[in-house]
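Enquirer: Going down the list, the protein sequences come from chains C and W. Position one of the first sequence corresponds to residue 1 (the numbering used here), numbered consecutively onward. Position one of the second sequence corresponds to residue 1 (the numbering used here), numbered consecutively onward.
It should be emphasised that the hints constitute simulated quantities derived from the structure, not laboratory data. We put the beta carbon where it would ideally sit given N, CA and C, even for glycine. Just so you know, not all the hints are guaranteed correct.
Once the Cα atoms are required to be at most 20 Å apart in a straight line, the calculated SDA-like pairs of lysine to any residue come out as [stated by the list, open to error]:
(1) C:K176 / C:P194
(2) W:K26 / C:R224
(3) C:K252 / C:R180
(4) C:K252 / W:G15
(5) W:K26 / C:V233
(6) C:K23 / C:V10
(7) W:K27 / C:A240
(8) C:K82 / C:R100
(9) W:K27 / C:P151
(10) C:K23 / C:E96
(11) C:K252 / C:L216
(12) W:K26 / W:Q111
(13) C:K252 / W:R12
(14) W:K26 / C:A237
(15) W:K27 / C:D235
(16) C:K161 / C:R193
(17) W:K27 / C:G181
(18) W:K27 / C:V10
(19) W:K26 / C:H78
(20) W:K27 / C:T227
(21) W:K26 / C:E128
(22) W:K26 / C:A238
(23) W:K26 / C:E80
(24) W:K27 / C:A238
(25) W:K26 / C:E236
(26) W:K26 / C:C79
(27) W:K27 / C:W234
(28) W:K27 / C:E248
(29) C:K176 / W:R12
(30) C:K82 / W:R24
(31) C:K252 / C:G181
(32) W:K27 / C:R241
Partial selection, computed: residues in chain W whose CB lies under 10 Å from chain C [said to hold, decoys possible]:
(33) R24
(34) K26
(35) A65
Listed below are the residues making up each chain.
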Amino acid sequence: MPEVAEDREVSQASFAFGEVCIKFESADRTWLSYLDRRYRNFSVASRSESFVVRFEPTSAPLPPSLLTPLAAHLEAVHCEPKASGYRVRTETSQCEIDLRSRRAILRGPSAMYPLDNVLRHLLPLLWEEGLLVHSALVADAAGSGVLACGPSGAGKSTLAKLAHGRALSDELSAVKLEERGAISLALPFWVSRPGRAHLRAILHLEHGARHRLEPLRPEDALRRLATQVLWPVWDEAAMARSFAYLTELAEKVPAFDFSFAPTEDVWDFIDKEVSWPSSPIIRR
Amino acid sequence: MGLRRAAHVAWRRVGDETVLIHLRSKKIFVLNSSGGFFWHGLDGARGTEEFLESLTLDDPLPDGASVRIEAFLQDLRQADLVDAGAAPDEAPASLPEFPLPTFVPPELVWQQEVRNFGQSCAFMGTDPPCAVNPTT
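Here chain C stands alone, though its shape is the one from the complex:
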């Protein structure tokens, strides 16, 4: 019974990406240890609704430029729609994604980059309740939070560090809309810990000589936010869904251009200037 023998050796690890739980399975325990190094803070018990990614290492050598098995190696991704999902190929890896059965089989060298290449596409597809946004998330003790958006170098990590214990993530956050308003959840990238907050504002960052906050019209907020969203580009229905969430967020959550100097008083400034909206945010 070779299949049983193989299954006996398969180990599992589950991690939460917002409210999406992914269970990883593999006989390659070293590969699973890489996951643990990256996502340890977000380790969860497996759930029945988990999406399952089974990793099968191939004998292909690691790319010569790869410094460590955890490092980045971007490859062109070719995506072919299938009956209930997608076949995703790169030069050195392949992934069969079945959205109906909520399973994927990933084959590639024993490193993180084959998974990275799939995750950046898969996570926006699986997060059906809202958007994934390139942002830091900072919450206060009462559970209200601020999303700080911007491209690399805009100051997300700086602002998160200056928030000290209040930062939940410094690179990527999930956002969803509920009856009571917008909720943001921390994702495991990079300095992060599990948590969520009711969004009271979205800040679009840039460095400046002093702290300066400019309210944005919804039209302008949308333009800023559109470039910071991880779009599910493989799937038209998911794109339409994300677009609807984007427009709703732009209209419902106060947004600001925020230039700041990296000083210890920056969160005092934000907390003083950015208060809760005068009326509750109601989803349409």
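Chain W: place on chain C using the hints.
Expert: Positioned in the frame of chain C, the structure of chain W alone reads:
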């Protein structure tokens, strides 16, 4: 011949502007308030002349208004946001009032291709543009 909004385009009004997403080319387009008015009327029954007839403005139409409308419709065609040719299945939808007291040329004021990972270096490990990856 009229134009109609393409089926592969989703759209919403946000503030004074109308925002479109081309679901295949993955591009977002923003129309000014005047452009949003004309976009709303693109049901296959209207062309430039029909639009001109539907305008009820406080001031007379300026010279060149039809040229500006035609240029706008051409921009929409070039961006594959509208379909041409087919006759409408239904009677023309009623148009709202032009949102401005005087004619303002309809314009496509912003466009942006969106990507799967935005500008994030999440998933990119230590290589540029990510300066720091605490996991390595």
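Enquirer: Would you mind marking each hint as holding or not holding in the structure?
Expert: Each hint tested on the structure:
| no. | hint | result |
| --- | --- | --- |
| 1 | C:K176 / C:P194 | holds, 16 Å |
| 2 | W:K26 / C:R224 | holds, 16 Å |
| 3 | C:K252 / C:R180 | holds, 11 Å |
| 4 | C:K252 / W:G15 | holds, 11 Å |
| 5 | W:K26 / C:V233 | holds, 7 Å |
| 6 | C:K23 / C:V10 | holds, 12 Å |
| 7 | W:K27 / C:A240 | holds, 12 Å |
| 8 | C:K82 / C:R100 | holds, 11 Å |
| 9 | W:K27 / C:P151 | holds, 19 Å |
| 10 | C:K23 / C:E96 | holds, 15 Å |
| 11 | C:K252 / C:L216 | holds, 12 Å |
| 12 | W:K26 / W:Q111 | holds, 10 Å |
| 13 | C:K252 / W:R12 | holds, 14 Å |
| 14 | W:K26 / C:A237 | holds, 12 Å |
| 15 | W:K27 / C:D235 | holds, 14 Å |
| 16 | C:K161 / C:R193 | holds, 13 Å |
| 17 | W:K27 / C:G181 | violated, 28 Å |
| 18 | W:K27 / C:V10 | violated, 42 Å |
| 19 | W:K26 / C:H78 | holds, 16 Å |
| 20 | W:K27 / C:T227 | holds, 11 Å |
| 21 | W:K26 / C:E128 | holds, 18 Å |
| 22 | W:K26 / C:A238 | holds, 12 Å |
| 23 | W:K26 / C:E80 | holds, 17 Å |
| 24 | W:K27 / C:A238 | holds, 14 Å |
| 25 | W:K26 / C:E236 | holds, 9 Å |
| 26 | W:K26 / C:C79 | holds, 15 Å |
| 27 | W:K27 / C:W234 | holds, 13 Å |
| 28 | W:K27 / C:E248 | holds, 18 Å |
| 29 | C:K176 / W:R12 | holds, 18 Å |
| 30 | C:K82 / W:R24 | holds, 17 Å |
| 31 | C:K252 / C:G181 | holds, 8 Å |
| 32 | W:K27 / C:R241 | holds, 15 Å |
| 33 | R24 | holds, 7 Å |
| 34 | K26 | holds, 5 Å |
| 35 | A65 | violated, 24 Å |
Of the numbered hints listed earlier, those contradicted by the structure are 17, 18, 35.
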